[in-house]
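> Going down the list, the protein sequences come from chains H and A. Heads up: the first sequence is residues 602 to 887, going by this note's numbering. Heads up: the second sequence is residues 347 to 797, going by this note's numbering.
There's no promise every hint is true.
Said to hold, decoys possible - In silico SDA-like links for lysine to any residue, alpha-carbon gap of 20 angstroms or less:
| no. | chain 1 | residue 1 | chain 2 | residue 2 |
| --- | --- | --- | --- | --- |
| 1 | A | K373 | H | K653 |
| 2 | H | K653 | A | A789 |
| 3 | A | K705 | H | G613 |
| 4 | H | K653 | A | K540 |
| 5 | A | K373 | H | L712 |
| 6 | A | K540 | A | R520 |
It should be emphasised that the hints constitute simulated quantities derived from the structure, not laboratory data. For clarity, every value in this text was computed on a predicted model and none was experimentally measured.
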Amino acid sequence: MITLTDVRKSFGNVPAVNGLSLSVRKGEVLGLLGPNGAGKSTTIAMIVGVLKPDGGRVTLNHDGKEHDPNDQRARSLIGLAPQSLALYDELSALENLSFFGSLYGLTGRVLRERCDVALERVGLSDRRDHRSGTFSGGMKRRLNLAAAILHDPELVLMDEPTAGVDPQSRNAIFEIVEGLKSKGKTIVYSTHYMEEAQRLCDRVAIIDRGTLLALDTVPTLVKAHGGHSTVRVLHAGNAHEQITQTDRPLEVLSAALSTGNVQSATIDSPDLERVFLNLTGRSLRD
Amino acid sequence: MIVPVRTSETEEDAMPSILAMIRKDVKLLLRDRASAFFAFVFPVLFAIFFGYVFSGGGGGGKALQIACVDEDQSEASQRFVQALKNNADLQVTDIASEEQATKAVLTRQQVAFVHILKGFGAAQDGFISTGKGGGITIGIDPSRQAETGWIQGLVQQAAYTQLFGSFSDPKVMRRQLESARASLNTSDINPAQKLIFSQLFSSVESLSGSVSALGTATDNAQGGSQQSSAGGFQPVQVTTQSVQAKRDLPSDPFAVSFPQGIIWGIMGCAMGFAASFAGERTSGTFLRLCAAPLTPRRILLAKGLASGLVMLVVSGVMLLMAVVVFKVQIPSYPIMAGCLLVVTLAFVGIMMFAASVGKSEAATNRAGWAIMMCLAMLGGAAVPLFVMPPLVRDLSVISPIRWAMLVLEGGVWRGWSFTDQSMLVPMAVLLGIAVVGASAGMALVQRQARA
Numbered sequence: 602m603i604t605l606t607d608v609r610k611s612f613g614n615v616p617a618v619n620g621l622s623l624s625v626r627k628g629e630v631l632g633l634l635g636p637n638g639a640g641k642s643t644t645i646a647m648i649v650g651v652l653k654p655d656g657g658r659v660t661l662n663h664d665g666k667e668h669d670p671n672d673q674r675a676r677s678l679i680g681l682a683p684q685s686l687a688l689y690d691e692l693s694a695l696e697n698l699s700f701f702g703s704l705y706g707l708t709g710r711v712l713r714e715r716c717d718v719a720l721e722r723v724g725l726s727d728r729r730d731h732r733s734g735t736f737s738g739g740m741k742r743r744l745n746l747a748a749a750i751l752h753d754p755e756l757v758l759m760d761e762p763t764a765g766v767d768p769q770s771r772n773a774i775f776e777i778v779e780g781l782k783s784k785g786k787t788i789v790y791s792t793h794y795m796e797e798a799q800r801l802c803d804r805v806a807i808i809d810r811g812t813l814l815a816l817d818t819v820p821t822l823v824k825a826h827g828g829h830s831t832v833r834v835l836h837a838g839n840a841h842e843q844i845t846q847t848d849r850p851l852e853v854l855s856a857a858l859s860t861g862n863v864q865s866a867t868i869d870s871p872d873l874e875r876v877f878l879n880l881t882g883r884s885l886r887d
Numbered sequence: 347m348i349v350p351v352r353t354s355e356t357e358e359d360a361m362p363s364i365l366a367m368i369r370k371d372v373k374l375l376l377r378d379r380a381s382a383f384f385a386f387v388f389p390v391l392f393a394i395f396f397g398y399v400f401s402g403g404g405g406g407g408k409a410l411q412i413a414c415v416d417e418d419q420s421e422a423s424q425r426f427v428q429a430l431k432n433n434a435d436l437q438v439t440d441i442a443s444e445e446q447a448t449k450a451v452l453t454r455q456q457v458a459f460v461h462i463l464k465g466f467g468a469a470q471d472g473f474i475s476t477g478k479g480g481g482i483t484i485g486i487d488p489s490r491q492a493e494t495g496w497i498q499g500l501v502q503q504a505a506y507t508q509l510f511g512s513f514s515d516p517k518v519m520r521r522q523l524e525s526a527r528a529s530l531n532t533s534d535i536n537p538a539q540k541l542i543f544s545q546l547f548s549s550v551e552s553l554s555g556s557v558s559a560l561g562t563a564t565d566n567a568q569g570g571s572q573q574s575s576a577g578g579f580q581p582v583q584v585t586t587q588s589v590q591a592k593r594d595l596p597s598d599p600f601a602v603s604f605p606q607g608i609i610w611g612i613m614g615c616a617m618g619f620a621a622s623f624a625g626e627r628t629s630g631t632f633l634r635l636c637a638a639p640l641t642p643r644r645i646l647l648a649k650g651l652a653s654g655l656v657m658l659v660v661s662g663v664m665l666l667m668a669v670v671v672f673k674v675q676i677p678s679y680p681i682m683a684g685c686l687l688v689v690t691l692a693f694v695g696i697m698m699f700a701a702s703v704g705k706s707e708a709a710t711n712r713a714g715w716a717i718m719m720c721l722a723m724l725g726g727a728a729v730p731l732f733v734m735p736p737l738v739r740d741l742s743v744i745s746p747i748r749w750a751m752l753v754l755e756g757g758v759w760r761g762w763s764f765t766d767q768s769m770l771v772p773m774a775v776l777l778g779i780a781v782v783g784a785s786a787g788m789a790l791v792q793r794q795a796r797a
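Could you build the full structure based on these sequences and the hints that come with them?
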């Protein structure tokens with residue numbers, strides 16, 4: 602669906618994206634995982650064509666053709682939910698959606714129906730006539746997402762869609778992403794929450810300082826870069842803690858339990874956080 | 347194969363999205379109280395307040411300011427002047443000579459002058475205007491057709507008041523009747539009319555005696571109906587003299603303050619839209635709009651069209667208010683419409699440029715208003731151009747608002763047409779500002795958006 606080839610972008614002397622190459626397959630959810638400032642938003646802006654790469658190429662593949670993202674027609678294939686909320690506080694939820702829908706040529710009954718469906722999907726039907734400026738952060742995020750998918754795009758770009766939202770809204774957003782995925786939509790999901798990437802993404806691109814560090818499915822990334830599981834067993838009586846690095850944590854735990862002298866035991870399985878730590882030497886939240 | 351980039355601004359599906367953005371921007375302006383205040387309320391308050399200030403403090407209503415030259419200096423002429431002064435529709439200033447009175451009208455200090463010619467008193471005593479001197483001359487600008495008719499009516503009303511007022515004074519009446527009979531004998535009117543007037547004078551003498559006997563005042567005997575009952579008879583001969591007033595001075599204080607108010611309203615719109623565009627660029631909405639099938643240029647163009655639409659509505663409503671409520675006379679509505687359109691285009695260009703360079707909504711608002719205020723002061727939107735010292739007036743050429751004020755004044759009270767050099771120059775300047783501002787704005791925003 603999208604191919605980035607050696608894409609570079611700098612702001613002044615500061616490189617934001619440095620030779621990024623990746624492909625997004627049709628119908629998959631690709632996660633862009635990285636800390637703040639990793640270059641995720643810049644990458645998304647170049648995919649959607651609002652930023653021009655200093656070097657490299659971004660192409661959008663649809664119907665057997667390659668499109669430049671600046672192609673006005675190709676942009677109708679893309680829905681963008683930017684990190685900065687793209688809403689007009691003085692307009693109601695319905696007015697916001699109607700406006701964005703009309704930019705994509707939706708009019709009349711079709712536009713009204715699409716707005717109704719989108720509001721229903723993000724759980725804002727009962728607030729349709731309320732000004733978005735009165736909404737909570739989570740409600741705004743949901744409305745922001747609704748505006749991105751109103752025109753039924755093939756590709757949805759979500760830039761930190763759960764930033765600053767409450768658990769209820771986060772779950773609603775997860776359900777929307779899963780619903781889009783089930784309909785075969787292609788999604789690029791940028792986040793710095795590894796739990797979200799693990800739950801939602803078919804593949805994850807780990808990005809740091811504008812560079813792609815790894816790209817694969819979560820299990821493969823974990824297996825390749827996560828290291829061993831850590832089994833911690835606290836033995837009764839002498840308060841001795843046994844720490845074991847292993848690829849077979851259950852076997853180690855089972856063996857420990859068989860001694861009958863175990864006060865407590867934990868298994869730390871490798872995850873994307875560990876992958877990032879191993880790849881960069883830093884935590885995702887640094 | 348890479349499909350070629352389409353950046354055309356004229357594709358067939360552009361208009362619906364541009365219209366959607368215009369609707370959105372108008373809604374946003376109307377719902378933003380501060381912007382709506384500066385676009386709609388402040389200009390009206392400004393125009394009304396300064397209109398009253400320019401008119402000399404208000405409270406005086408819309409009495410016509412006229413100069414009165416009493417060349418006759420007779421008892422009758424003085425009573426006539428007093429009758430004029432007693433009329434609430436007139437504000438009468440005594441002036442010694444016709445020359446001075448003419449100057450006052452030329453410089454628009456007075457709407458008109460009323461010159462009571464020598465022999466007025468004698469003619470009044472004779473009741474009948476014989477056309478042999480003693481009449482009244484009204485000097486007024488020929489463009490003031492409505493005021494001319496009004497003043498003529500008020501002058502005749504005062505003459506009637508004087509004529510019928512004399513019924514209450516038998517001595518005056520008797521003297522006037524004697525004089526009238528004498529002038530009737532020497533007048534060249536036909537015998538039938540002579541007979542009618544002779545009978546009339548006898549009846550009047552009889553009536554005057556009755557009124558006197560009753561001790562009844564006859565000051566309620568004024569009114570215009572007598573004229574028709576007298577079959578065209580007029581107690582005084584009135585002629586009108588054309589005095590072409592200077593076109594570089596306004597005839598009405600509201601003709602000055604409303605163009606200024608329109609400029610403030612248009613500036614409010616321009617600043618409101620420029621700030622909102624800058625706000626969109628710093629929030630996520632501009633990015634979101636750019637991600638839609640729109641170019642940054644088209645987004646700015648839509649903002650420009652929306653602002654232009656609101657500017658035309660604001661200026662149109664203000665103009666309507668000036669005409670309907672404050673009786674400002676517009677020499678030509680088509681020319682006025684052209685003036686408003688050109689001024690609007692210039693400010694759309696200014697708005698588009700300001701929108702493209704503004705760093706944020708707050709910064710654009712602050713810097714924009716600071717610059718606009720200076721340009722407005724210099725350009726005549728606060729102190730009218732025609733009262734500025736020559737040096738300041740010369741300096742004001744750097745302010746776009748000066749040219750806008752000139753064009754609006756040209757349409758409202760200067761009486762310029764599109765063929766006048768005085769109108770063509772400011773219009774050309776404003777159209778230049780429109781083209782340069784819009785082009786620079788669109789180029790900048792396109793470059794910034796993809797930088």
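> Run every hint past the structure and note whether it holds.
Hint check:
| no. | hint | verdict |
| --- | --- | --- |
| 1 | A:K373 <-> H:K653 | 32 angstroms, violated |
| 2 | H:K653 <-> A:A789 | 16 angstroms, holds |
| 3 | A:K705 <-> H:G613 | 17 angstroms, holds |
| 4 | H:K653 <-> A:K540 | 101 angstroms, violated |
| 5 | A:K373 <-> H:L712 | 19 angstroms, holds |
| 6 | A:K540 <-> A:R520 | 19 angstroms, holds |
Violated hints, in rising order: 1, 4; the structure is consistent with all others.
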